[in-house]
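Undergrad: Spelled out from the first residue to the last, the chains are:
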Amino acid sequence: MGTEVDILEKVTSSDYKYGFVTDVEMDLAPKGLNEDIIRLISKKKNESESMLEWRFKAYRLWLEMKEPKWPNVKYPPIDYNEIIYYAAPTKKKKLNSLDELDPEIKRTYEKLGIPLEEQLILAGVAVDAVMDSVSVATTYKEKLGELGIIFCSMSEALKDHHDLVMKYLGSVVPQTDNFFAALNSAVFTDGSFVYIPKGVRCPMELSTYFRINAENTGQFERTLIVADEGSYVSYLEGCTAPMRDENQLHAAVVELIAMENAEIKYSTVQNWYPGDKEGKGGVYNFVTKRGICAGNNSKISWTQVETGSSITWKYPSVILKGDNSIGEFYSVALTNNMQQADTGTKMMHLGKNTKSRIVSKGISAGKSNNSYRGLVQVSKRAENARNFSQCDSLLMGDRCGAHTFPYFEIKNSSAHVEHEATTSKIGEDIMFYCNQRGISAEDAVALIVNGYAKEVLNQLPMEFAVEAQKLLAISLEGSVG
Amino acid sequence: MNNTETEITDLKTKLISEFQDFEKNLNGEAETTLHFIRKDAFENFKELGFPIKKLEDWKYTNLNPALKQNFIQSFTEYTPALKKEDIEKYLIKNSGINLLVFVNGHFDIGLSHIETKNDKVYIGSFSEGMKDHKDVIEKHFAKIAAYDKNGFVALNTAFAKDGCFIYVKKNYEVKEAVHILNISDAQSESYFSQLRKLVVVEEGGSINIATDYHTIGDQKCFTNAVTEIFCGMNSKVEHYKIQNEGENSYHVGTTQVHQEKDSRFSDTTISWGGAITRNDLNSVFDGTNTECHFYGLYLLTGRQHVDNHTLADHKMPHCYSNELYKGIIDGNATGVFNGKIMVREDAQKTNAYQSNNNILLSDDATIYSKPQLEIFADDVKCSHGATTGQLNPDEMFYLQSRGIGKENARTLLLYAYASDVIDSIKIDELREMVVKKLEMKLK
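Here the protein sequences line up with chains A and B, keeping their order.
Converting from the first sequence to the numbering used here requires adding 5 to each position, the first position being numbered 1.
Converting from the second sequence to the numbering used here requires adding 340 to each position, the first position being numbered 1.
Note that these hints are calculated values from the structure, not bench results.
Where is the CB? At the ideal position from N, CA and C, for every residue including glycine.
No false leads were mixed into what you were given.
Straight-line Cα separation of at most 30 angstroms, DSBU-like style, residue types lysine-lysine; simulated pairs:
id, chain 1, residue 1, chain 2, residue 2
1, A, K372, B, K489
2, B, K721, A, K282
3, A, K79, B, K721
4, B, K489, A, K79
5, A, K74, B, K393
6, A, K326, B, K394
7, A, K357, B, K746
8, B, K394, A, K385
9, A, K430, B, K655
10, A, K71, B, K489
11, A, K74, B, K352
12, A, K385, B, K783
13, B, K364, B, K352
14, A, K459, B, K721
15, B, K781, A, K385
16, A, K74, B, K655
17, B, K721, A, K430
18, A, K351, B, K394
19, B, K457, B, K479
20, B, K399, A, K326
21, B, K399, A, K351
22, B, K655, A, K79
23, B, K399, A, K360
24, A, K79, B, K394
25, A, K357, B, K399
26, A, K459, B, K689
27, A, K282, B, K655
Computed footprint of chain B on chain A; a stretch qualifies when at least three of its residues, placed anywhere within it, have a C-beta under 8 angstroms from a C-beta of chain B:
id, region
28, 404 to 411
29, 421 to 429
Looking at chain A on its own, in the form it has when it is part of the complex (with noise of 0.2 angstroms):
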C-alpha cells in the first residue's frame, strides 16, 4: 500500500509536459460577446453574407438557452463576457511551403514531438495544423487535390467551396442542439473541411493538431467531414495546450456525414491542460461530436484518448440512419488529481440491420471524477438492431470516483442489446505475479493499463497508437497498483 501511495503521488505531483507559451504575435479580437464580435469574425474571415446571417441565428437561439446543469461535473459560473473570441497568428504573408512557416511555431510543434517535416516525408501524414484559431499550414494538398479530395481549413472551405460547406454545415449539429453547439456555431473561427468524393479511398491518414495557445481565447474548431458514395477517411485529431493559470474554454463541434458505403474512422487523442494538483487552471472541455450514416452500409467509428482537459463533456454520437450502417465508439478516458470527465457516446438506430458497437475504459487516479453516460435508442422502425456495450472502470485510490449512467431505450421487439460494466482496482494478485518475475511495480502498472485500455488503442492507426500508450504511461508515471 505504501508504495503504492507513494507514487500515485509522484503522479500527481508531476508536472504537465507540454506547458509552456509560444511567443508569436497575436491579432486579438476585445473581450466578450456581441453580434459586432461575430460581425468582426465574420468580416476577418471574409465570409458571406448568409454565412454571417447563419452565426446570427446561431447567436440569437444561444441567448435565449441556459447552460446544461445535468453533467456530472462541478465548476464555477463561466462569464462569456470575458473571453477573447478571436484571435490568430499575424499572418505576414501567404505560405507556399512549411520552410516559411513561423519558427516558433514550427518549434512549438518539436517539442510536443510532432517533427512536421520529417511526418511529412517519413510518415506521409497531411497535416492541417491549427495553431489557435487560424489554419496555418496545410500540406500535402495537391496530392489529395489530384483525387479530388478537399481537405482544408473551415474559412479557406467556405470561401472557396462555398456552397458545398453550406449544404452540409449543421446537417448533423444544428444550431439548436445544445448550448455550447449554439455558442459555437456563433462564434468558430476556424477548424477542418474533409470531403472525399465517389469512390475515393483517401490514400493517408489525415491530421489535424489543435493547440490552444493564447490566454483567455476560448478555442472554437468547427469540423465537418463529407464522405461520399463508397469512399473511406481516416481522420486523426489530437491537441496539447500549454500551461495557463485561469481556465480556458475549447467548445469545438465536430459533423460527420457518411453517404452509401462510405466509411469514416475518427481518432482523437486528447491532452489539454488538465490543471495543477489542487484543480487550478486547465481546459473546459465541452464538445460536441456526431456523425451520421447517412446512406446504406455506412460506417462510422470513434476512438477517443482522453488523458487532458480539467473538465470533458464530449459524447460522440452516431445516427444510424442508413439499412446496414454501422457505429462504433471506443474510449478510454483517463483522470487523475482533480480532473473530472463525464464522457460517453448515444448511438441512434433509425434504420434496419443497424449494429453498434460501444467500449469505454475509465481509468481514475487522484481526487478525480470519471463518469461514462450513453444512451442507445432503438426506433419502432430498426428491425434486427444490434448493441454492444461494455464499459469498465479501473479506479486507482481511495478518493477517486468512477460512474456509470447508461440509458436504453428500446422500441422494437427484434433488437437485441446487451450492456455490461465491471468497476475494481488493480487485483493484488496480478501486482504478486508481475512482481516476483521481475517487473517492477510501476512497470507492471503501465503494463496492466495498457493491456486494459488495448481494446481500444488497437483502433488507433499506428502513429497514435504510440503516442496514445505514451500519454497514458505519462499519466500514470510511476505510479503502482
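Got chain A sorted already, so can you dock chain B onto it with the hints?
TA: Frame of chain A, contents of chain B only:
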C-alpha cells in the same frame, strides 16, 4: 397541456385543503409527537407537490393521467363493507399465517386474523401498536423514509394514520409468515389511499412478510404506499410485494430499508397489474457485512406502464448486494428499470451485482433501462449487465422439433425465464399462487 397542469395543481390543492378535515378526525391525537411529524411532512408536500417529468427520476413516467382524476380520501371511522367471501380468492392457503387486511387504507379487524400472539412480537395496526409500543413507533416512524425529497412520501407521511405495524423483539424468529392484503374497494367511488407500513426487527430477529395489492370494482383508484423496514443487527427479513391491482389502478410505492451490521434483507417485487405503477425500493447499508437481495419481475400487456427504481446504498465496508430484475413486455406496454448501486467512500471491499433482462414480445412495446453505478471507493467488485431481446429462436426450434406446439413452447420458455425471480419466494403457498397466476398470464 395547460389544462392538465391546472388539473394537477387542483388535485394537489384538493389534498392540501383536506388536511384540516383529516386533523379534525384524529380525536385528540393532534398533539402527539407523531402529529408534529405529519404537519412537517405536510409542509414538505405543499412545497414539493407531485413529481414532474422533468425530474431525472421521473423522466419516463408521466403521472398526469392519474393525477387528472377526481379522487376522494376518507378520514371518517371505517365501516366494514367487504365480506369474507369477497377476499377469499386472495388468501394464501395456509392456516398458519398471519393475515392483515386493509381496505382503502383502513385496517379491517374483522377480516384479519393474527396467528402469532406473544410478548416477543407485535403484528397489527398502528393505532393498536401505539398503546404498547409508542416508543418504538416514535423512534422509527418517518425516520427511515425521508419525506423532504419525495412528494409522495411527504404526502403519505402527512396523512398516515391507520397503517400496519410489525415489531419483532430481540432474537425472536417469527415462524408464521405475515400476509398483508391491501384492497382498494373501487366498486362505487374513486379512492386515493395512503398505505403506511412500519416493520421493526430487532437484533437477531427474523420474519417473512408478503404484501399484495388488489382492486375490487372498476372505478379508478390511486394507491400511495410507503413501507419502512428497519433490520437490526444480524436480523433476517424477507419481503415480497405483489402488485396485482385492476386495470384502472394507479400505484406509487416506496419501500425504504435500513440495514444494520450483519443483517440480511431480501425483496421480491412482482408487478403485473395496474395502469401505471411505480416502485421505489431503496436499501441503505449502515453496518458492515450486510447482505441484500433484490428480485423483480414485471409482466406487462395492453397499455400498462411499470417503473421500477432501486437503490443499493453501500455506506459501510464488506457489504454484499445482488439484484436481478426481469421483464416481459407485450402489447403497447412500457417498462422502466432504473437500478443504482452507490458505493460511498468508506465502503471498501464491497461486492455488488446487478442485472436487468428484458424480453419484448411486441413491436409496440417499449423498455427504458438504466443500470447505474456510482462508485467512490477503489477496492470494490461491482458489475452490472443489461440485456434486451426476444425469445431465443434456437430454443423455440428445439422445443418445436420435439412436438411441443408453438404457443406451449413460448409459454414454457417464458415461464423458465421468469422462474429465476419467482423461486426467490420462500412461502410455498404464495409461490404456488404466483406461479398459477403467471401461467394464466402467459397463456
